[in-house]
Amino acid sequence: MPIEIDIAHVARLARLDLTDTELESYKAQLGVILEHAARVQSLEVQPNVEAAHPLGLTNAFRDDELRPSLDRDEVLGQAPEAIDGHFVVPPAMGAE
Amino acid sequence: MSWEPVIGIEVHVELMTASKMFCGCAVAFGGEPNTRVCPTCLGLPGALPVTNRVAIESIMAIGLALECQVSERSVFHRKNYFYADLPKNYQISQFDVPVCHDGHLDIEVDGQTRRIGIERAHMEEDTGKSTHLGAGGRIHAAEGTLLDFNRSGVPLVEVVSRPDLRSASESRVYAQELRSIVAELGVSDARLEEGSIRFDANVSIRPQGEETFGTKVEIKNMNSFRSLERAIAFEIDRQIELVESGGEVIQETRHWDEESGVTHSMRVKEGSSDYRYFTEPDLAPMVMTPEWVAGIRERLPELPADRRARYAAQGLAAETAGVLSALDAGLRRLYDHAVLSGAPPRSAANWITGEVLAWLRKAGVDAREARLDGPGLAELIEMVDDGSVSSSAAKDVLAGVLSGEGRPREVAERRDLLQVRDAGVLDTAVADVLAANPGAVEGFRGGEEKVVGFLVGQVMKATDGRADPRMVNQLLRERMSG
Amino acid sequence: MIATSLSEAGRLLRSGATSAEALLDDALETASRTEAQLHAFLTIDADGAREVARQADADLADGIDRGPLHGIPVALKDNMCTRGVETTAASQILAGYVPPYDATVVARLRNGGAVMVGKTNLDEFAMGSSTENSAYGTTYNPWDLSRVPGGSSGGSAASVAAGSSLLALGSDTGGSIRQPASLCGVVGMKPTYGTVSRYGLIAFASSLDQIGPFTRTVEDSAVALTTIWGYDPLDSTSYQGEYPNPGARLDRGVDGLRIGVVTELSGEGFEPAVEAATTDMVARLEKKGVEVLEVSLPTFDIALSAYYLIAPAEASSNLARFDGIRYGLRVEGATTEELMARTRAEGFGPEVIRRVLLGTYSLSAGYYDAFYGQAQRVRAAIQEDFASAYEQVDVLVSPTSPTVAFDAGARTSDPLAMYLSDICNIPANLAGHPAISVPVGLDEAGLPIGFQVMAPPLGEETMYQVAAEVERLAGFEISPRALEVAT
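Protein chains in written order, with my numbering: chain A, 63 to 158; chain B, -13 to 468; chain C, 1011 to 1497.
Hints listed in this document are in silico derivations from the structure and should not be mistaken for laboratory results.
Ideal placement from N, C-alpha and C gives every residue a C-beta, glycine not left out.
Be aware that a few hints might be false.
On the chain B side, residues computed to face chain A include the following (Cβ under 7 Å) [to be verified]: (1) T3; (2) G10; (3) A12; (4) F15; (5) P19; (6) N38; (7) L133; (8) F199.
Only part of the chain A face toward chain B is listed, based on derived beta-carbon distances under 7 Å [unchecked claim]: (9) L85; (10) K89; (11) Q103; (12) L117; (13) T120; (14) A122; (15) F123; (16) R124; (17) D126; (18) R129.
The calculated lysine to aspartate or glutamate pairs, modelled on DMTMM-like cross-linking and capped at a C-alpha distance of 20 Å, are [unchecked claim]: (19) A:K89 to C:E1281; (20) B:K65 to C:E1356; (21) B:K115 to B:E18; (22) B:K115 to A:D146; (23) A:K89 to C:D1424; (24) B:K115 to A:D126; (25) A:K89 to C:E1361.
Start from the sequences, fold in the hints, and give me the full structure.
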């Protein structure tokens, strides 16, 4: 059975402004894909360990040293909009 | 109905590492916008984080200072939400295995010790800063928000207390003590006004004796210890008033407005946020070995509570110990050196918390630049004790030393403040005064003690106030009794 | 072609029989002849490449030899950041984006004197198995221009097959190097996770992505790997220990090795020609002295399901940064929230949107444990399955892909059908193990079939040892007849 999802809620969480038609279409596709994905629940024997990096990496640190920062012009050159060395967005920054 | 306030405090501490949490950009205050950014802290495609070891050692130090358990194994999580000042639209933070957990902080409130539980201390990265166009005298007519990512990626330690605080003043003490510990550890500037330490409070009320918690309200934007106390006090009253007039406290975030002295509701969120936490796949798990933890513990400096206990053991009164402990490190070092040089602890503490502090503040001089050292203070105290100078003259001597005129004895000589203690000179003066005041002598021999004071005063007058009053007193008594 | 392998080109360069510039001209000429039909490239940087080629020739003349890639024309999948050169991840949301830094592998190629011909086409953000999800048009299969080259690294695979580069880098998250290698008749491998730096690779699924080489021979592959792998302090998942020597046993033969044929990777969905080619190669290896065992890894049956929860989840988070604020496409909005949502809806293609929605869902409150959480448990079980298999055998083998190249458009309306292209490849990604595809033959329609060899972590030496033998036994010729390729 394809799985029913609250597609509008998921789209909002993901900040995707989709049309109603698109939402319906994705909802149907996701329902089928999730049905297949839900087969992970058929795992019979629980593993003894957590999934980990194959080479068991831990404690990958760096020293507290400075590295050169980017040149601001190069950075702001890619910005869709910039003023006085700042990036710019509309006044309301958005809710969480 | 008697209400009990229940308060928890969340502290964000910006660490004073040289470089950011996950990249090599500099950690600094101010400067031109977007000049301390790189692919990692700007969230460019393809960038990756690498953890700053010193930041981890700093959070371990904070946790140990707060008597926390350091987790043997800790991982980072992604906290996913969209916000313009969050370049990756997720924050690398910690979820269920923070670096430190389950500690406490003991605070002194009204002579009582209160133990405030610490739930956790976890590591995360700071966000960028936004300013609104139109603010700060900008010319642009257009509306908008400006973004500066210099602060993005600065290491942030979040310390969360248990809801064990019960009053606004307690909360202030807790916040101040936490701040002073962090500053003492040297891991952060911890300046409230600069934002390198930030406090949020969770405030709720419940009927006295009730065990379950009421609905809590988060209070933000408290930019000084005073406003923290005022804000919490206001919120407690607001909630009590609200409930007593039949209303209900709603879970929300409120903004403290220092000018108007009230908390304002921020927009109520539709449903709570779903951060979709999952283990950060770009970072390796951290293993805090017992050896590593022990090494950090060994290098911890003396913490405020231990220091106050040491002062008490040295004989200082609790209040003096508290005042001294809260002073600048330079002044506290002065105290320790003075005591090491032989000064009685109480005298040293009194001089420092009194005359020395007053002089420095008036002159606008930083303690570190004070021209008085430990042996010098000890010398001055000894000069008062042995009568070389009167206690009032000593204040002048101190002023002279702090102004750079030299060591105490030099200053006293040069300023002609040394008391006369020459037995021969004083004996003559005493004899003269006694000869001139036979009635007083009669009175003393008849049992009137207070004439001694009058006679001492006469000798002081005759010697221009330079005689050592104690010696004079002694000589007078000897002569009159003998 | 002046040289039909990287190693041959290197010999000719050092003997003076050819030059880096000549090799580049050869590659560019092939490109100009084939690109109209193939569309393997998104960007060709002829001027930049020529400058580097001339410098490479000058260096060699001065006695400066930068190693096996010196003067070799290479291509890079367009999800690797190249400073000063447009990098789009085949998405509209990065149209015109020029990175201010090089990926670590790019820096290594530059330092090695490689001549970067250009950036190759891919499925948008590396999500797909046919390169049809590119926002800039699809790439076609050099062996049959009505078919797909596979994906997501279709452009890199097609370029090497056609001869417009002697080495192309791709990325493999769920088979995206091996599957197109199989469909295009070239060698493609995915290294042990953590051995090739991901710094500068536009992330799809962080715990699965690995960069790897497409080459025309197994020897080339081993050589190329050594130039790009190694510890990188800029990548926290980068391996710091000792690295093997991949080419150490290429001429050793396979006598005495134990090979496991994976039971689950056969049967329904597998084309007869593909199964026959696999069985045939196994039989030939057996004659060369290997011990063959049938090995069952039951968790492989739910590997695809686990992958389609883990990869989209990580992707949904990795792609959150594309919001129209700091770089790339911006669609205006009255609020920032609107700006972000409109930018993303317009800038992302349907497959990307599908996976972002899928990933967001599987991480969301109430669903995390049953979906993402459970998928990670399956992943651990797969790692355990592999571990016990490798107690019995040295390498595991299977077809690289259940089918040969399919028609363009054949699977685009059925996402699940497209996802099934990768069932043979995904387990190695989930476990972080190395795996390689070697072309072993053609089906009746003349379409290439690939043979996959999988090995334990850091087992590249053994993997290449077997792959070299497979290559010798197959005697496969890279001659994509759909293109008029002069060899």
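Note to self: Going through the numbered hints above, which ones does this structure break? Give me the numbers in ascending order.
What the structure shows: Those not satisfied are hints 4, 8, 9, 10, 11, 12, 19, 20 and 24.
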